[in-house]
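Enquirer: Chain by chain, the residues:
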Amino acid sequence: MIEEPFATGNSAVHNIDPRFRVIAAVVYSFAVALCYGFVPLITAFAVSAVSLLMCRVSLKKVLKQLALVNGFILLFWIVLPLTYPGGATYPLGPVTIHQAGIAFAAKITLKSNAILMALIAFIATMTLATLGHTLGRLKVPEKLVFLLMITYRYVFVIAQEYQKIIKSIKIRGFRPKTTLHTYKTFAYVVGMLLIRASERADRVYNAMRCRGFKGTYYSLTDFQADAGSWIFLIIVFGATTAVVALEIFLRF
Amino acid sequence: MHISEGILSGPVLLSGAALAAAGTAIGLKKLDYDRIARTGILSAAFFVASLIHVPVGPTSVHLILNGIVGILLGWCAFPAILIALLLQGLFFQFGGITTLGVNTLIMALPAVICYYLFAPFISGKKTVAVAAAFACGFLCVLFSALIMAAALIFSEENFLEISAIVIVSHLPIMMIEGVITAFCILFLKKVQPALLSQSGQYKNGY
Amino acid sequence: MNQKEPIIKMRGVCFGYSDTAPILKDLDFDFYKGDKIGIIAPNGSGKTTLFHLIMGLIKPSCGDIEIFQAPMKTEADFADIRHRIGLLFQDADDQLFCPTVLEDVAFGPLNMGKSRKDAIDISRRTLAFLGLTDFENRITFKLSGGEKKLVSLATILSMEPEVLLLDEPLMGLDIKTRSVITRALMEMNSSYIIISHNINFLESTTHSTLTMREGSLIADDQVHVHVHDHAHVHGDVPHHH
Numbered sequence: 017m018i019e020e021p022f023a024t025g026n027s028a029v030h031n032i033d034p035r036f037r038v039i040a041a042v043v044y045s046f047a048v049a050l051c052y053g054f055v056p057l058i059t060a061f062a063v064s065a066v067s068l069l070m071c072r073v074s075l076k077k078v079l080k081q082l083a084l085v086n087g088f089i090l091l092f093w094i095v096l097p098l099t100y101p102g103g104a105t106y107p108l109g110p111v112t113i114h115q116a117g118i119a120f121a122a123k124i125t126l127k128s129n130a131i132l133m134a135l136i137a138f139i140a141t142m143t144l145a146t147l148g149h150t151l152g153r154l155k156v157p158e159k160l161v162f163l164l165m166i167t168y169r170y171v172f173v174i175a176q177e178y179q180k181i182i183k184s185i186k187i188r189g190f191r192p193k194t195t196l197h198t199y200k201t202f203a204y205v206v207g208m209l210l211i212r213a214s215e216r217a218d219r220v221y222n223a224m225r226c227r228g229f230k231g232t233y234y235s236l237t238d239f240q241a242d243a244g245s246w247i248f249l250i251i252v253f254g255a256t257t258a259v260v261a262l263e264i265f266l267r268f
Numbered sequence: 026m027h028i029s030e031g032i033l034s035g036p037v038l039l040s041g042a043a044l045a046a047a048g049t050a051i052g053l054k055k056l057d058y059d060r061i062a063r064t065g066i067l068s069a070a071f072f073v074a075s076l077i078h079v080p081v082g083p084t085s086v087h088l089i090l091n092g093i094v095g096i097l098l099g100w101c102a103f104p105a106i107l108i109a110l111l112l113q114g115l116f117f118q119f120g121g122i123t124t125l126g127v128n129t130l131i132m133a134l135p136a137v138i139c140y141y142l143f144a145p146f147i148s149g150k151k152t153v154a155v156a157a158a159f160a161c162g163f164l165c166v167l168f169s170a171l172i173m174a175a176a177l178i179f180s181e182e183n184f185l186e187i188s189a190i191v192i193v194s195h196l197p198i199m200m201i202e203g204v205i206t207a208f209c210i211l212f213l214k215k216v217q218p219a220l221l222s223q224s225g226q227y228k229n230g231y
Numbered sequence: 173m174n175q176k177e178p179i180i181k182m183r184g185v186c187f188g189y190s191d192t193a194p195i196l197k198d199l200d201f202d203f204y205k206g207d208k209i210g211i212i213a214p215n216g217s218g219k220t221t222l223f224h225l226i227m228g229l230i231k232p233s234c235g236d237i238e239i240f241q242a243p244m245k246t247e248a249d250f251a252d253i254r255h256r257i258g259l260l261f262q263d264a265d266d267q268l269f270c271p272t273v274l275e276d277v278a279f280g281p282l283n284m285g286k287s288r289k290d291a292i293d294i295s296r297r298t299l300a301f302l303g304l305t306d307f308e309n310r311i312t313f314k315l316s317g318g319e320k321k322l323v324s325l326a327t328i329l330s331m332e333p334e335v336l337l338l339d340e341p342l343m344g345l346d347i348k349t350r351s352v353i354t355r356a357l358m359e360m361n362s363s364y365i366i367i368s369h370n371i372n373f374l375e376s377t378t379h380s381t382l383t384m385r386e387g388s389l390i391a392d393d394q395v396h397v398h399v400h401d402h403a404h405v406h407g408d409v410p411h412h413h
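Protein chains in written order, with our numbering: chain E, 17 to 268; chain X, 26 to 231; chain H, 173 to 413.
For reference, chain E alone in the conformation it holds in the complex (with noise of 0.2 Å):
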């Protein structure tokens, strides 16, 4: 029920140094964040797909996800032409669509999007294991980090327990209605992952314990950038400022 579908890859992209793409993801992605001209959002669109597709992973897997995620654009697209004020209005029977309001639930979904693949690009392509070592070598708190490793570690284990209880109740009947029965059930389920997990996390606890834990978390993984990376690094630099300077030209 839990995969990282994109982690693993033999691209361009998947073997660029690992911080390089955290930066470069974070820097751009603010960068696109702060844009509201169609130029520059239309050009960040452009880059984005352009480094997606260089990943070379499932086209279709990331087109169902971008789907699913604008699920919650879809509502921009409903609301605004209705209530953005400004540019020309159409009567549409007893309402009234404004252009300025599609075009920024247009300008939104570039937006989202551009940093949505930006994302899929440069970080989904690692897995999380990658990313806690990652984060841990770029001054992250410690405790951030073990808490992230940790998680991600117990995650699939729980998942597992998750998908044994509901095994269970299932051949015992259960079917999920909107019913006052339905919502005990899947507390009392909710109620026993929790117990698991809390004596789970007692006998990990005891298990470091006896391996001399005292609050160290050691990372071994070490990073080496290439000149491949600094030359990712640089284009995706250059990219952001371009589209950071034709956002303030076309403004002004």
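These aren't lab readings, by the way, just hints derived from the structure by calculation.
A quick note: this is a predicted structure, and the numbers were derived from the prediction, not measured.
In silico contact screen, one side only, chain E against chain X (beta carbon under 8 Å); selected entries: (1) A41; (2) L160; (3) L163; (4) V171; (5) K193; (6) A213; (7) A217.
Ideal Cβ positions, reconstructed from N, Cα and C, are used throughout, including at glycine.
We have chain E; now place chains X and H onto it with these hints.
Expert: Just chains X and H now, with coordinates in the frame of chain E:
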């Protein structure tokens, strides 16, 4: 419950990130090394539990559970939720680089508020505990929806209608979360009350 | 070290979660360097509890524990000796908490103060010894049950402990993994205690077998254990005929 990339304004994104960072810093400070494994594994359990879809009439919603997260983790809800969102963003490609701060705030601040409001009542009498647990689950989602609405309105004043839709659409979820939280707390009180008291772990140890 | 002195000495040890039903009662136990002991006893008789007492994970309600000739009174006493005793947990998912194999195997040596290079070297050697040469960058949760067990064993062996405590090391494993573990134990010149229901395994790896009765450890000569080929209600339990 989270806001997608590309919607919020720069100032809102940055304020959200700053507040979430402050909350996370407090949470990490309160998190002893002894409790990292426990917090991480519970946070993994919450992550899995939040994938549960419960039916509401013809459709279904997934659980949020930040009320119980607050009761069990207190301030550690901030780092735990931050990490859960990071996992969610990457496992399901929901995104969330620029919105990580705001979304953490949306989920974790109500959890901490509800921890202070309701945790003292949870260990009490059964009827009181159930009422407190329901209020905790209900209000936690309400507060989250309000913060979400505020983030939208501060980004763009024309998001007023959308904010209203966000709050109203969360009303059934508030009810469900209240009911689930109440039953869940009742279950834990019966089966393993130690889980609800912060000191109940590692019994029989040195 | 004096060969005559036990390295684990327990006197009059009791433990129970409630006063009415103690799990261990007035338990005496001496373990000497070089001992290879098997414990075979019914479920719930307190075998795992015994291991947890030796590691200081739980506190006895009465009695004394001495390990490496030092009395064990506080958490700090146990913290000093834990790295010299390797406890293999029943569930490998409890033992392996790092996302990748090498990190997990190196965790113990690093805690003992070894340099990163030394820790990585010894971890690689341990993995190779168990036939896990290419495993170091594997993601732990994606390993098979048998692989997880072997990696857990590696996380213990990499600390080069003087005593091994193995809690049901063969449980749920396939024949291939079982034989790797059996071979590893026979090749190592180590002292260990093994909890197992597998009589053949204990016969090939241990010198003597103990069982537990009424919360105490007793020698196996009172309860002759042999392999049964017929179906048997006491299949896992030492018993009289």
